[in-house]
Amino acid sequence: QKEVEQDPGPLSVPEGAIVSLNCTYSNSAFQYFMWYRQYSRKGPELLMYTYSSGNKEDGRFTAQVDKSSKYISLFIRDSQPSDSATYLCAMSARSSGSARQLTFGSGTQLTVLP
Amino acid sequence: DSGVTQTPKHLITATGQRVTLRCSPRSGDLSVYWYQQSLDQGLQFLIQYYNGEERAKGNILERFSAQQFPDLHSELNLSSLELGDSALYFCASSGRVDGTEAFFGQGTRLTVV
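Those sequence lines, one after another, are chains A and B. According to my numbering, the first sequence is numbered sequentially starting from 1. According to my numbering, the second sequence is numbered sequentially starting from 1.
Keep in mind that the hints were calculated from the coordinates and are not lab data. One should not assume that every hint holds.
DEER-style ranges, computed between Cβ atoms [said to hold, decoys possible]: (1) Pro8(B) / Ala93(A): 32 to 40 Å; (2) Val113(B) / Ala93(A): 35 to 43 Å; (3) Gln80(A) / Gly95(B): 27 to 35 Å.
These figures come from a predicted structure and were not determined experimentally. Think of the CB as a built atom: it goes at the ideal place given N, C-alpha and C, for glycine as much as any other residue.
Assemble the whole structure, with the sequences as input and the hints as a guide.
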């Protein structure tokens, strides 16, 4: 079983829809949660970063973490065709020292139709 | 533009050869990470350097090695290349002590023929 599970999609929605992207994880040591957006074969772009449980909002994006359920979500409001990309969740665990590696989900491919 | 620069963008080489990928982190970032992304494996962590020292190792093959230089740029060396090494190789850098909030470069697409 992978440490981080993410539905690969593809997910197709009409422009203006609310999109919900999700990841589940098994490692209870994960404390830091990130969402990246990756356009086709480009470098992942950091969208959101949250620490521990709770919500964080940035413009049309809201990241939600539920540590009790080991479940994180990214909501995109008023989705636009330019949001069409692969969305990757990433997590890291608290560890001694400064070294932390990110464990990525496999990515969800999103298409927003005009 | 993330501020992380990777060269070259594309690389085509033959099996058995050796290549070097280069990464310049964002100004001031001390942490550099290397990741491999293939179609069937997703993004896999290879190795992390922090201020010149190796700090964490992931699923990096013995044929692969990396280093971070005093000016903080990093190189990933891949040797005895096999067809299965064909992938996108990403470098990421972070200014945080804990290495999170990493910013990725545009990657080097390696094709082994």
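Okay, the hints, checked on the actual structure:
The supplied range of 32 to 40 Å is met by Pro8(B) and Ala93(A), whose beta-carbon atoms lie about 34 Å from each other. As the Cβ distance of Val113(B) to Ala93(A) is approximately 39 Å, the hint placing it in 35 to 43 Å holds. Distance hint check: the CB atoms of Gln80(A) and Gly95(B) are about 30 Å apart, consistent with the given range 27 to 35 Å.
Checked against the numbered hints above, the structure breaks none of them.
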